[in-house]
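**Student:** So the chains spell out like this:
Protein chains: 4
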Amino acid sequence: MYDILFVQAGGTVDKAYLATESSHGVNFLIGGPAFHAILSRVPDKAFRHRPLLVCQKDSLFMDAMDRVKIRENIERAPEDKVVVTHGTDTILLTAVELSKIEGKTIVLTGAFTPERVRDSDADFNLGTAVAAVQLLPAGVYIALNGAVVPYQDYGK
Amino acid sequence: MYDILFVQAGGTVDKAYLATESSHGVNFLIGGPAFHAILSRVPDKAFRHRPLLVCQKDSLFMDAMDRVKIRENIERAPEDKVVVTHGTDTILLTAVELSKIEGKTIVLTGAFTPERVRDSDADFNLGTAVAAVQLLPAGVYIALNGAVVPYQDYGK
Amino acid sequence: MYDILFVQAGGTVDKAYLATESSHGVNFLIGGPAFHAILSRVPDKAFRHRPLLVCQKDSLFMDAMDRVKIRENIERAPEDKVVVTHGTDTILLTAVELSKIEGKTIVLTGAFTPERVRDSDADFNLGTAVAAVQLLPAGVYIALNGAVVPYQDYGK
Amino acid sequence: MYDILFVQAGGTVDKAYLATESSHGVNFLIGGPAFHAILSRVPDKAFRHRPLLVCQKDSLFMDAMDRVKIRENIERAPEDKVVVTHGTDTILLTAVELSKIEGKTIVLTGAFTPERVRDSDADFNLGTAVAAVQLLPAGVYIALNGAVVPYQDYGK
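Protein chains in written order, with the working numbering: chain W, 3 to 158; chain D, 3 to 158; chain Y, 3 to 158; chain H, 3 to 158.
Hints should not be assumed to be uniformly reliable.
A pair holds if it fits inside one copy or across any two, identical chains being indistinguishable in the list.
Keeping only pairs whose Cα atoms sit at most 25 Å apart, straight-line, the calculated DMTMM-like set for lysine to aspartate or glutamate is [said to hold, decoys possible]:
{"id": "1", "residue 1": "47", "residue 2": "104"}
{"id": "2", "residue 1": "106", "residue 2": "121"}
{"id": "3", "residue 1": "47", "residue 2": "91"}
{"id": "4", "residue 1": "71", "residue 2": "91"}
{"id": "5", "residue 1": "47", "residue 2": "121"}
{"id": "6", "residue 1": "59", "residue 2": "77"}
{"id": "7", "residue 1": "158", "residue 2": "77"}
{"id": "8", "residue 1": "158", "residue 2": "46"}
{"id": "9", "residue 1": "158", "residue 2": "82"}
{"id": "10", "residue 1": "158", "residue 2": "121"}
{"id": "11", "residue 1": "71", "residue 2": "46"}
{"id": "12", "residue 1": "47", "residue 2": "74"}
{"id": "13", "residue 1": "47", "residue 2": "68"}
{"id": "14", "residue 1": "158", "residue 2": "74"}
{"id": "15", "residue 1": "47", "residue 2": "155"}
{"id": "16", "residue 1": "102", "residue 2": "121"}
{"id": "17", "residue 1": "47", "residue 2": "65"}
{"id": "18", "residue 1": "59", "residue 2": "121"}
{"id": "19", "residue 1": "71", "residue 2": "121"}
{"id": "20", "residue 1": "106", "residue 2": "91"}
Simulated from the structure, these hints should not be mistaken for laboratory data.
Every value quoted in this text rests on a predicted model; they were computed, and no experiment measured them.
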């Protein structure tokens, strides 16, 4: 039994369809963290997990202060294994900020299709992140598309 | 880009509901491999994958010959990264048989709820297996409940 | 605003996958009524609804006493619009028993694929039943496969 | 066996999440008709059905010409039973335009949550429309929230 901190940083993975009259077709808003729903589907989990809701933005709208806030929250946390769910557009920028943290294994993941949508890749991706966070040494990694790579190698 | 062999060995993960008049309520049969559906949900996969359909049984009904057949199929395969989807009841027995194989990283996984059922853990579990198979050295591992362990440690 | 009584009589529509060690592959058991989940997906419902859980059996195992019990429960109910979810194998037998009731519109429906399974027809079928129960005069009807027919015409 | 014409007029029911880099978080676009997916889940359908893709817009962006086009397509069609899937915001405006058609039973329906999203009401609603279109005399009706009403009574 080990502990994982799950950090919500927003992004597609958390988008929910909200029907509001005034939204003029732009109804896809970020709500609660997708990892709640995904982890509830896994029975007898081999890890304890603590959720931390830090940011509920599309990652294109995240700024430097958002990334500092995420970093500070992780620094303050007692857990040394951290999974961050994040928008894919700027996941690398946040990874760079988090690389200032020493002594923790941090895995960022996300999804191309929101967890709320049928045929989402969110469950699979969170699975890759949970395996990576327990198998890898301290450092910052990105888990997407079935690959787990040190953030320095992402997109190469 | 790397290659993963996906082996279907049956089990709950692959169970589908088949409505047949003569089945008297026992309609949950093993059909095609769940990993087809799960992998189709992951875009731009970072790995090539080859499916191998070896066994379509509830794992309680698997016998020694089934396990030998799975082992021989994996031995003959060119891939050195192998994910096996398997019933959870006898997953350890197959892992022991597969431990005779040298030089390959083999990860067995499965599900408590079939992939075809809403709120299945199959996607998450396959994600843990895919991360594990690329991160771990040669050996046989079991990925279930969010844990990835050498088969010798399973259930301890 | 009108009132509909929803009666659970068991059947495929209510089957859930239950992973139990001793079940030897026969893990598909009837649990709570599927109409709870389906109706929870419909916002701002135009009707009040009361659930009545009468029978949790595969319809092949229902006997004459089960059917009498369903009839008596409906007779005692104040609602004159009744939707019964039922197994498809013996839905006609129950319809015949319910035809002894006068002055109520009773629509029986079910599903070929359990509500819990992806790609179920349960939501669609319950929709046909809810429309039928408000549009049709007193009598007993079967709503399946997109058709709504008086029970006397079912299967013809 | 009878014939139903299914007309796609756009709206929430057909919205799909499309991940595109340039969309800046507005990724919910109208694609193919939801009724294809829903009807594929219903086995042994009791009706023949023909799809007609007339309009792929959020209903807030539909104009008078769109409504005329829908009307003319239905007028030209040989079927006298017609189900129209439509956005809920302006469903009444289209119903008024379609009331110029004589001799056909036309039922408009839609959804508050897209068919592609888990826990959608789309399947249930289409079920109410399919039952209504076979049970009601010629006229224009709206089937939403579990109610089927002549369009003149909608929202009252």
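**Student:** Determine for every hint whether it applies to the structure shown.
**Tutor:** Here is how each hint holds up against the structure:
In this assembly of identical chains, residue 47 and residue 104 lie within 25 Å of each other by CA distance neither inside one copy nor across copies; the values are 27 Å within and 30 Å between. Taking CA atoms no more than 25 Å apart as the test, residue 106 paired with residue 121 passes in neither setting, with 32 Å inside one copy and 31 Å between copies. For the homomeric pair residue 47 and residue 91, the shortest alpha-carbon distance between copies (17 Å) is at most 25 Å, but the shortest distance inside one copy (30 Å) is not. Only within a single protomer do residue 71 and residue 91 lie at most 25 Å apart by alpha-carbon distance; the minimum there is 18 Å, versus 40 Å between protomers.
In the homo-oligomer, the alpha carbons of residue 47 and residue 121 lie at most 25 Å apart both inside one protomer (23 Å) and across protomers (15 Å), since each shortest distance falls under that limit. Taking CA atoms no more than 25 Å apart as the test, residue 59 paired with residue 77 passes inside one copy only; the shortest distance there is 21 Å, against 47 Å between copies. For the identical chains of this complex, residue 158 and residue 77 are neighbours neither inside a copy (28 Å) nor across copies (32 Å), given an alpha-carbon limit of 25 Å. Taking the shortest Cα distances, residue 158 and residue 46 sit within 25 Å of each other only across copies (14 Å), while inside one copy they are farther apart (37 Å).
Taking the shortest alpha-carbon separations for residue 158 and residue 82, only the inter-copy value of 23 Å comes in at or below 25 Å, while the best intra-copy value is 27 Å. Proximity of residue 158 and residue 121 under a CA criterion of 25 Å is satisfied in neither setting, with 27 Å inside one chain copy and 34 Å between copies. For the homomeric pair residue 71 and residue 46, neither the shortest alpha-carbon distance inside one copy (32 Å) nor that between copies (31 Å) is at most 25 Å. In this homomeric assembly, residue 47 and residue 74 never come within 25 Å of each other (Cα to Cα): the closest approach is 27 Å inside a single copy and 32 Å across copies.
When the C-alpha separation of residue 47 and residue 68 is checked against a cutoff of 25 Å, the pair qualifies neither within a copy, at 30 Å, nor between copies, at 29 Å. In this homomeric assembly, residue 158 and residue 74 never come within 25 Å of each other (Cα to Cα): the closest approach is 28 Å inside a single copy and 36 Å across copies. In this assembly of identical chains, residue 47 and residue 155 lie within 25 Å of each other by CA distance solely across copies; the values are 16 Å between and 30 Å within a copy. In this assembly of identical chains, residue 102 and residue 121 lie within 25 Å of each other by CA distance neither inside one copy nor across copies; the values are 35 Å within and 37 Å between.
In this assembly of identical chains, the alpha carbons of residue 47 and residue 65 never lie at most 25 Å apart, being 34 Å within a copy and 29 Å across copies at closest. Taking the closest pair of Cα atoms, residue 59 and residue 121 come within 25 Å of each other both inside a single copy (22 Å) and across two copies (23 Å). For the homomeric pair residue 71 and residue 121, neither the shortest alpha-carbon distance inside one copy (32 Å) nor that between copies (33 Å) is at most 25 Å. Taking identical chains as interchangeable, the C-alpha atoms of residue 106 and residue 91 lie at most 25 Å apart only when both belong to the same chain, with a minimum of 24 Å there against 35 Å between chains.
Hints 1, 2, 7, 10, 11, 12, 13, 14, 16, 17, 19, counting from the list given before, are not met by this structure.
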